[in-house]
Amino acid sequence: MAVVASFGVHGCGGAGASHRGGAQTETVTDGGLSMRWYRMMWCRWWLHGGGICLMMSEAWSEIQSVRWWVSIFNLVKANSMLGTSNHSTFLAKDSIRAKSFTRASMNVAVKVSRFNDITMAPPDPILGVSEAFRADTHEMKLNLGVGAYRTEDLQPYVLSVVKKAETLMLDRGENKEYLPIEGLDAFNKATAELLFGADNAVIQQQRVATVQGLSGTGSLRLAAVLIERYFPGSKVLISSPTWGNHKNIFNDARVPWSEYRYYDPKTVGLDFDGMIADIKAAPEGSFVLLHGCAHNPTGIDPTSEQWETIADVIQEKNHIPFFDVAYQGFASGSLDEDASSVRLFAARGMELLIAQSYSKNLGLYAERIGAINIVCSSSDAAQRVKSQLKRIARPMYSNPPIHGARIVANVVGNPDLFNEWKEEMELMAGRIKSVRKKLYDSLSAKDNSGKDWSFILKQIGMFSFTGLNKAQSDNMTNKWHVYMTKDGRISLAGLSSAKCEYLADAIIDSYHNIS
Amino acid sequence: MHSGKTSPFSSFSPADRRLSALYRHLEGSSSIAAMDSIAAAPTSASSAAGASVFDHVVRGPEDPILGVTVAYNKDQSPVKLNLGVGAYRTEEGKPLVLNVVRRAEQMLVNDNSRVKEYLPIVGLADFNKLSAKLILGADSPAIQENRVTTVQCLSGTGSLRVGAEFLARHYHEHTIYIPQPTWGNHPKVFGFAGLSVKSYRYYDPATRGLDFQGLLEDLGSAPSGAIVLLHACAHNPTGVDPTPQQWEQIRQLMRSKALLPFFDSAYQGFASGNLDADAQSVRIFVNDGGECLVAQSYAKNLGLYGERVGALSIVCRTADVAGRVESQLKLVIRPMYSNPPLHGASIVATILKDRNMFQEWTIELKAMADRIITMRQKLFDALCSRGTPGDWSHIIKQIGMFTFTGLNSEQVAFMTKEYHIYMTSDGRISMAGLSSKTVPHLADAIHAAVKRAA
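Top to bottom, those sequences are chains C and A. In this note's numbering, each number is its position in the first sequence, counted from 1, plus 21. Once you know that position 25 of the second sequence is 12 in this note's numbering, the rest is easy, because the numbers rise by one and skip nothing.
Keep in mind that a hint or two might mislead.
Said to hold, decoys possible - Here are the simulated BS3-like pairs of lysine-lysine, each with C-alpha atoms no more than 25 Å apart in a straight line:
| no. | chain 1 | residue 1 | chain 2 | residue 2 |
| --- | --- | --- | --- | --- |
| 1 | A | K404 | A | K424 |
| 2 | A | K61 | C | K210 |
| 3 | C | K507 | A | K317 |
| 4 | C | K268 | A | K317 |
| 5 | C | K301 | C | K338 |
Simulated from the structure, these hints should not be mistaken for lab results.
Work out the full structure: start from the sequences and follow the hints.
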């Protein structure tokens, strides 16, 4: 230890006065960092190209340990990522008390956090938009960022069936016992039936493994972990563009992904040939992530003929379809119509994965309710797959939250509530269609350039891909206080008829005057 | 030819990826079923001719703890007793929703101004602040100095998992030491987060108490900076807690070796009946100015099991560090479930911020803790009066929801088969599942199991 101490002195002295914090007195408060500190100082000095002093045997054997090299690696990594702030924090006077430079005794007052090298992460590109919107005080500000439905008065909306269900639940005085790992049984049944239709063969033959998940994100994550575990090396193909969080989910689950062409900026429509070519080119047995309806962020969906072709290609290549269904009922207003793509694939006898979310169609955003469904070729396979999904959920959160699941089960299970839900959903989808029309009319009336804005009418669902680039999107925010994501996506759900003209002005200005 | 983006992993060869995935399975998974399941990784998927792409997926075993309830539910016997999962039962053997919880829920559901918009990634702000105060103390300097970041998570499990993922990514030591024994889910939570799991001696079967010397030795020989899991109170499954003096010694040892404490606080208020007393272990660490992690659960003490309410607090040296740490926690959470569920956290916040409701809660909490202490005494008395061989005083010395009976897995199996007693095979029983009426039946079962072995 004394060896390293004196070595440290040498290193510090050579690198200049600011590195003078040689030894530190360490109290029992937090000792032991001194060794690491010495190593880091040595490395920092070494990295600055200082001369290397003789290393005595003790230090040498330390260096030969893997652990030591790992901490060097981490240091280099941290340093290469650091801006100035961390560097100065590390060496800041208040974090180092230089006292007598004796051998590394445990008497050092180390005030340096062991998390000191951590950098500030950037805000989430989607959820961060709402944060920025909240901070804006401008009276004309408009939040078209996150996909959360707003009424014409731009207020959040709790569906009346949801309130009724919650009151029923309260009156019944139900308990709050743990759900099974796979979630509420009544919910799992209801959600699968909603997706496939109760009389669908896959349900009748019990070939669907359904596990309640934490809304769409959580359900996608369960599936991603399953893919990593049981299909190691298999890729997931995702559309270009896609929801921003898809990549994060697969990255964190260590599932490789690549993109297939989807959005064609020239037509502001679907690059169908590109999509088919890329799906064909992918290695056999890849997973293909498809948006069941109301593609996020573009709002561009394949036609039913195109879906057939997509299914053909997927079958040819033995790929596995993986649907993200976050807007069932919200896109067209009809639950069955919005599920037609999924049902088309199921009808071909294919095995498929489907993540569902009730955030939008039941307005249950914050209750985190969804499901992962895996259609297998046999009920035996479905049972085995379900058991493995449980093994993934248990070390993540043990079992899912009851509240949202009960609401869904109550709404879907009660014919009156179910019908009322369908009506409310039609209203929500209807309002979105009408602001699309109003926005289109405003744009067409105000824009003299002859640009074709009809893509706004052709796109479906909560979002519209305006075709604005990052600079133009920034202009929308900076000049017009219109908050949206940098990929040019706007959420029609956050637009009122009253604001369509203002938005049209903003879009026209950004499109024509900014490049 | 399009140049779309690909993930960081796409450039590795499929063979490399398979190898590394296999390696991770072997590292992270302890069950044989998992190892079997990767024996035949498919090279090409085919759902033709009845073949399934999932053919190689074997059935996983039931979770050892939650599986007890599954087995119990299947049993038709009228005398069956579920002493498996740690969920509180009343004297009538029924689940309990606290009165104060019902009141809070009523207020929330009837409040028409409330909405269901997404919470921020870190959860409900009020809930986070109140949770930190609850565990650290309202006057905690760490809170006053803004050095604590608290994020709402999915109960204890979720808080542990998010904390572990964070450490695996940002902390230089990737080994966590867990007590022997510990809650069955701990090794999996940490393993799948990417930490390597080692254990330190904790339970002494000879004394049915704490192996303090062993604990000090094992922590003393841990590498500097290693993470150490500590049960804040009411150790699960043993019910054996260090004394305050022992906690102080543990603290000094850990600080001298820069070991990073990671507290699992699932029973605050439930162990002794007093919220502050049950938080002392955490507070002595935080009050020395050092850093630590704390996972809190409201499953037991507020009876909010299925609502999945909990919080992860990371106490840092400075407010600046805490801010950066919080930003990185968000990157862990967003791809896992985006943001946490609203309902349970709202109930907790409503209760904690209202003086009367808080008071009411402490009374109901003490009543639950007292009932458990009473059950301990009754079981002990029942075994004594039957003359069951052995020293059963550990039943009244241990604390919290669970008792480590000292019964082995054969005895447990016998009790399940012959007496329809459902418990985990390590001999742990949940006292919360006992009532005055059912104590005699359990005592009979234990008596028979012990005499049978003799």
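For C/K507 and A/K317, compute the direct alpha-carbon distance and say whether it is at most 25 Å. 20 Å, holds
For A/K61 and C/K210, compute the direct alpha-carbon distance and say whether it is at most 25 Å. Roughly 20 Å between the alpha carbons, so the hint for A/K61 and C/K210 holds.
A/K404 paired with A/K424 [C-alpha distance capped at 25 Å]: 20 Å, holds
Check whether the Cα positions of C/K268 and A/K317 lie no farther apart than 25 Å. 15 Å, holds
Would you check the hint for C/K301 and C/K338, treating anything up to 25 Å between C-alpha atoms as holding? 7 Å, holds
Checked against the numbered hints given earlier, the structure satisfies every one of them.
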